[in-house]
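Number of protein chains: 2
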Amino acid sequence: MATTAFCRDTSCQFFSDGRRKVDYVLVFYQRKQISVRGGDRLHRLSAPPHPPHRLSVISNGSSPLSGPVGGVGQGGLGCAAGQRSAGDGEVCVDLAVEVELEADPAEGEMVLIREEFEARLLEAGLEMERDTEVRVYGPSFTRLHVPWQVLSREAEFLKIKVPTKKSYDLKQENGFSASLSEFWRKVNQPFQPNIPQLGHSTTKQLSHCFSRDKLHFPTPRPTPRPTSRHAPRYAPSPTHLLHDEWARYGAFYKYQPVDLIRKYFGEKIGLYFAWLGVYTQLLIPASMVGIIVFCYGCYTVDMDVPSLEMCDKQQNFTMCPLCDGVCDYWHLSTACGTARASHLFDNPATVFFAIFMSLWVATFLEHWKRRQISLNHSWDLTGLEEEEDHPRPKYETILLQKRQMMRNKEKKNEKKKKKKKIETGVEKLTWRDRLPGYLINISSILFMFGLTFSAVFGVIVYRIVVSALMAMSPDPETKSNVRVTVTATAVIINLVVILILDEIYGAVAVWLTELEIPRTESNFEQHLILKAFLLKFMNAYAPIFYVAFFKGRFAGRPGDYVYVFNDYRMEECAPGGCLIELCIQLSIIMVGKQLIQNNVFEIGIPKLKKLIRAWKGKGISLEEREEQRARPPQQWNLDYTLVPFEGLTPEYMEMIIQFGFVSLFVASFPLAPLFALLNNVIEIRLDAKKFVTELRRPDAVQAKDIGIWYNILSGMGKFSVIINAFVISFTSDFIPRLVYQYMYSQTGTMHGFIDHTLSHFNVSNFRPGNAPTSSYLSETTVCRYKDYREPPWSAEAYQFSKTYWAVLAARLAFVILFQNLVMFLSLLVAWVIPDVPKNISEQLKREKTLLVDVFLREEKEKFHLLQSLFSSKDLRSSDTSVVATWSLNAPLYLSPM
Amino acid sequence: MATTAFCRDTSCQFFSDGRRKVDYVLVFYQRKQISVRGGDRLHRLSAPPHPPHRLSVISNGSSPLSGPVGGVGQGGLGCAAGQRSAGDGEVCVDLAVEVELEADPAEGEMVLIREEFEARLLEAGLEMERDTEVRVYGPSFTRLHVPWQVLSREAEFLKIKVPTKKSYDLKQENGFSASLSEFWRKVNQPFQPNIPQLGHSTTKQLSHCFSRDKLHFPTPRPTPRPTSRHAPRYAPSPTHLLHDEWARYGAFYKYQPVDLIRKYFGEKIGLYFAWLGVYTQLLIPASMVGIIVFCYGCYTVDMDVPSLEMCDKQQNFTMCPLCDGVCDYWHLSTACGTARASHLFDNPATVFFAIFMSLWVATFLEHWKRRQISLNHSWDLTGLEEEEDHPRPKYETILLQKRQMMRNKEKKNEKKKKKKKIETGVEKLTWRDRLPGYLINISSILFMFGLTFSAVFGVIVYRIVVSALMAMSPDPETKSNVRVTVTATAVIINLVVILILDEIYGAVAVWLTELEIPRTESNFEQHLILKAFLLKFMNAYAPIFYVAFFKGRFAGRPGDYVYVFNDYRMEECAPGGCLIELCIQLSIIMVGKQLIQNNVFEIGIPKLKKLIRAWKGKGISLEEREEQRARPPQQWNLDYTLVPFEGLTPEYMEMIIQFGFVSLFVASFPLAPLFALLNNVIEIRLDAKKFVTELRRPDAVQAKDIGIWYNILSGMGKFSVIINAFVISFTSDFIPRLVYQYMYSQTGTMHGFIDHTLSHFNVSNFRPGNAPTSSYLSETTVCRYKDYREPPWSAEAYQFSKTYWAVLAARLAFVILFQNLVMFLSLLVAWVIPDVPKNISEQLKREKTLLVDVFLREEKEKFHLLQSLFSSKDLRSSDTSVVATWSLNAPLYLSPM
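Sequence lines, in order, name chains A and B.
Going by full-length UniProt numbering, 753 is the number at position 753 of the first sequence; the sequence numbering is gapless.
Going by full-length UniProt numbering, 748 is the number at position 748 of the second sequence; the sequence numbering is gapless.
One chain only, chain A, in its complex shape:
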């Protein structure tokens, strides 16, 4: 990979002539032993097998800040790395890099390849400067400068839009809406980052595709010449601005300077942070509503009839024992605590919250679409065509090998038969070449699915066995704490397993995707994301799904329990219902995962790596240290020691998994958005710090949208509707309560609900050994259990009762109602909120009109000029010459440069 180290300072901005700017720095790492083959692949520069049409040239982000002289609006901060749309008058271009070749040529070959690569750079018109004394080993740096004509050629070719001198007034609101927006601006003022020229501007410059022919027409701002880039440098550099106004925990309450981020890191990273910002911002209302719902639960806990009835010692339901033999009958009132806790999360407000959150997801997606379009507009990306990716070097290598093989085969064939010569132009890899990769992929993914499920099953077995063992313990202290101990330890085990598998799956996904040999980088990314998402999603959610939908449903009934390993009864839910367990599981996994991942993986491990590198660095030889003393390290030497950037996939993935917690099971845990919000406020600054101080400046990549992540988000939104429908109707007690109140209750109130949900069991029907061996409630003849079954005295004893089927029908009807209602409302939300914000669409219209005006005026001028020149000739019969004449006249319009 081309390791690129960027200037973060202005001291190294120019070639030794002090005029030409350093736009890009290439690093070539030479191992000490030249004769040894193979080795460190990362630090190699090599030419691709096909001559690259374009080469990577990225300006270095120095800041000839226009300050008070130049700038209205977006200009002024100079060219960001690889930023394609330029600030005022400066045209910055990046051209895709192709420098990775995974083949393993000898070191001597490497040097040749490097020379060829550099020769091609020169051929493409770039200028180059190397360190004068070339060391034999270690990193050596090559600095590149891109001259104006190359920049302008590429800018024209890529149809980059540049702002023109022509500007227009943005529409001003008037009357009430104006004062409202003014008020809003004032309220927002303290939350705005303190970035110069980022304030509210009332004009916007018209942008137009850059064209050298039309340099006269929508004239870019002056200073197209590289020499004029020596602008006064009395404003803070973008790095410092980013550091102070963004990558600082103290700025947690502020908006992000997204334009600046994009200018410095490119569109793709800019979009990530913009997305993260929108997501975090929209989490605020969601968590507020979540808190209100939770408070409603707290407030009504003392009025909730079912939990009052459960706590009522006078009702005195004798429950069937929780385990065979050693467990005794017990009174339901002892489970009062869980019943009250359950109510906090299992109340009618939760249903409202689930609907609210589904609509919130729809709103979030729509809002993001609008934001994206706004950003596209202000970043001049509208009309940008997707760049065709170049093939990955790995792909090219394997294709080369295949070609070689085919040629050898052909030669053999020729020798043998000398007639049947098939022209096999191997153009691409077919599915046959990829078959082994696919097979390994499928089997590995199946294996990892199995791994995840067995981990979940293992924890279930752990729970069953440990609770059985603890129940048998003679110590009453142990006995009373069975449920708490077992649940807590099991969830922690779950969490640890999830964290470990998460890291493993991340690495495995990369490995598997490499095996597929995707053709282009974007193919690679897509396949990787899908795979990693599938694996990590399964991993994070499998235990939660189990608790939500399966736990307690296969436990059987007294007298007919279900056993695993012949000895252990399947686990049941707590007497308060399964929802409270789901809630505990969810909260611990969500909070624990975020805390540990943030602290350990994102802060701890990088620090550790740095320490290790620093410690290793002490081991350099004496002469090197002397050399270092003689020549202080340049900025690129320093930047080279930073960690290389490895893509946004892990960042997005973390957020998407979190989004799942916020959307998928939100019906059972209304505080999830709050925890997500708290995490994200930190996450933004953490990521910012990482990007600004710890990573090498990434190659800027142009992007119009967040790509496949949007589809994943929208898919999760759809999935969350059905999941929440099932959680409400099957995991919570919402439907049974409704059914009781409207179908069975004599008084129309909830009184008697608990009695209604408990079936009767005649203890004489216990199988031998299942009944409690010793009981202090020895007079018990009938115990109760939570299910809707016929009583022992019925003809169909212990069969499902009519109530069971009625409740089941109600549950299912609710699922249908909820799912279709919410889907319809989501569609409505998506339809009502226009994708393009109104002000943007108005601006686009005005820009179009302005362009028409400019075009027509120019047209007319041309025509008049023509008429005066050729007034005698018949224009109609000599159209061709007219065209030629117009072109001849073009230079007349090229004056004001």
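In short, the hints are calculated from the structure, not lab data.
A hint or two may mislead.
Just so you know, same-sequence chains aren't split out, so a pair can sit in one copy or run between any two.
List of simulated lysine-lysine pairs, BS3-like, C-alpha gap at most 30 Å [said to hold, decoys possible]: (1) K204 <-> K862; (2) K428 <-> K690; (3) K704 <-> K159; (4) K838 <-> K402; (5) K610 <-> K313; (6) K415 <-> K838; (7) K204 <-> K428; (8) K159 <-> K860; (9) K394 <-> K838; (10) K860 <-> K313; (11) K845 <-> K166; (12) K186 <-> K609.
Use these hints to put chain B onto chain A, whose structure you have.
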């Protein structure tokens, strides 16, 4: 509206000089009495309040066919009306027309306005020719010619893509797939329309945005000059080709010549027919599967246990009477016929068919997307930006009136206060101006909904009352035919009501949309479509929904019937189930609607109108007739007598409503696709005939897609999933059968199912007067009725039984399962089928690469030239002059014209 009459012949193609082509004909209709105000609004030409930037100029579709000389691929047929992307070397441009002004100025004013309009046309560079002798009244024709420089200016401005000389080979399949596609081509040969140059071509020309500056670069084919349009005319004209190969019932089995349709009628109409073709084509597999499913029903009808049991006279179920008093008990075996008929449509294959059709809808939508992209590519529409619509004249008029009013108000204010002067630049109509329109809209729509529902209810009441009356009739003949008579007459009444309301609603929707004062034509269209769709959908489907989901569900039970108007029992479904009634309703409405609409509304009424016009034409004065004899009518006189084109909305609407029959209730009527297919095969040719021979040639409108219709289709597809789920689980007997077989049947077979579905009723529990007054089954003590209720001897007599709830739960579970499974499968289908066909995406890639090559080569040439010219100068420090020099050199490249 600007009435445009087009030449359909070559005799009127040119101005009197015989050189300039007639591109467009304007008609100005002058009433006889000049002094009278008001009158016929349709035939007026008037200038819009704002000077139009661009004016409507459309070439007349003559055919300088390149024949053997010119043409590979798509070129050759000349410019279609308003076609923006041109054939080889010819650039045809259309420019939006703005000629409608609904205000009512006096006739004198009209002439002034007309003169201004024509002056603006001249100003825009158009050339004009009028008839020499100008009659005082009647239509007068103005012919327009668009010179080359106007065409090329607009072509450049609109970034129209033109094919260049540069062509590339399309990828050839090899090996097996080549012979396969060759075989396929041969099989398809008889179905291809016989159009020259439409064959399989192996190369495609590279297209590029038209640019006068770059006429040298991707050189368009020769003959840019209008004079050179005198091409030999030995090939059939497009009109004749369309007539012979498309607008003819004999060609019903052929593909449509879509490219030619687009060339002659423009993209929008081309897309409509392409869509209709794809839809019809995909109906073939659907109707084949439908026939198979139906045949399966026919084949298994003798093996179906439930219907055998129902027909079995030995089982002898005594059923409760169907009406009070006069009706007797009856034996279920008498309903044998309907039971057998029911099985034809209500069998397990139907479930499969419902799933199949849902996936078919998804496939159809995806397939259309691909086709659309292919067409976009071959019609060079990729990268086309949506044109901003001009405001509608009506909108402008009302805005003008508002401005006038505001100005008057201001003047008054000024007089009064002379200080508070608010600058009110009225820029647009606000919701306040539209409020009355909206209110009328909402109330009218609600009223029409009410109308539809009361029509449905009226038919229900008709059915109830007539069956009650007929049951009371003493004639046994009448009695035995009650159900058949009532059902048949009711459905026919329904059909008539639907047809009448359909026409009314269509007209009302237009009127309501006018009241909303939409700003642009496309706004108008969208609002109209949504409104018309809503109304017509309700109208067509309300009775069907009633039968499917409500009929028979509110009838009550013996002893507790539900009555309307105190006297009449609510209607029940036939003994065979509601599905058969749904099937009858659906088939009669669908087939009847199509037959009547096609024959009466699309063939009959236009013919009638023509007759009336011809009859009226006989009443012209003697002098006129003489005049006609003296000067034979020109083509435009003839074309002017044709019916003006009024948009595609009715055509699409008819198809969309049909699509609803095919998708929404397909579970109950598997033959729907077949009937739709038969209808469409005729419909295509019917529409084609209409467009070619009966309508004035429509203004060509550019379009990339079918717009809102796609969304409506996709919405109906989604809706159909849930509707079919409900039809299968609630209307059909599928779920009760499954439940019986797996939960209740002793033998695991269906034997005993009929007995299981019939509840018992003790006749002593009849209310007074409800029991049959005289019965030949006088010994009856218990009669049976179809419901799941407890028997009279149960403690909860006549309450819903446990079976009822179990079946209900199963039904609901099936809905959830079906809906989610089918939605998932549809998503999968949409995801698996790529939107862009592979060959198109490959072509796009190759075109991009080729353009890069051309660009780079040109760049290099320029550079070398430059170097040779300025070899001594330092290029870097004089970038500006370089740019200027390049432009100076441009004429060098302009030679080959």
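To see whether the hints hold, each was checked on the structure:
In this homomeric assembly, K204 and K862 come within 30 Å of each other (Cα to Cα) only inside a single copy, at 28 Å, whereas the closest approach across copies is 35 Å. Taking the shortest Cα distances, K428 and K690 never come within 30 Å of each other, neither inside one copy (39 Å) nor across copies (50 Å). Proximity of K704 to K159 under the C-alpha cut-off of 30 Å is found in both arrangements, the shortest distances being 15 Å within a copy and 23 Å between copies. With identical chains, the CA atoms of K838 and K402 are at most 30 Å apart between copies only, with a shortest distance of 23 Å across copies and 54 Å within one.
For a Cα distance limit of 30 Å, the shortest separation of K610 from K313 qualifies neither inside one copy, at 62 Å, nor across copies, at 91 Å. Taking identical chains as interchangeable, the C-alpha atoms of K415 and K838 are never at most 30 Å apart, the minima being 72 Å within one chain and 38 Å between chains. Proximity of K204 to K428 under the C-alpha cut-off of 30 Å is restricted to the inter-copy arrangement: shortest distance 22 Å between copies versus 47 Å within a copy. For the homomeric pair K159 and K860, the shortest alpha-carbon distances inside one copy (26 Å) and between copies (19 Å) are both at most 30 Å.
With identical chains, the CA atoms of K394 and K838 are at most 30 Å apart between copies only, with a shortest distance of 23 Å across copies and 46 Å within one. For the homomeric pair K860 and K313, neither the shortest alpha-carbon distance inside one copy (95 Å) nor that between copies (94 Å) is at most 30 Å. Taking the shortest Cα distances, K845 and K166 sit within 30 Å of each other inside one copy (15 Å), while across copies they are farther apart (35 Å). Within a single copy, K186 and K609 get their C-alpha atoms no closer than 44 Å, and across copies no closer than 67 Å, so neither meets the 30 Å cut-off.
The structure shown violates the earlier hints numbered 2, 5, 6, 10 and 12.
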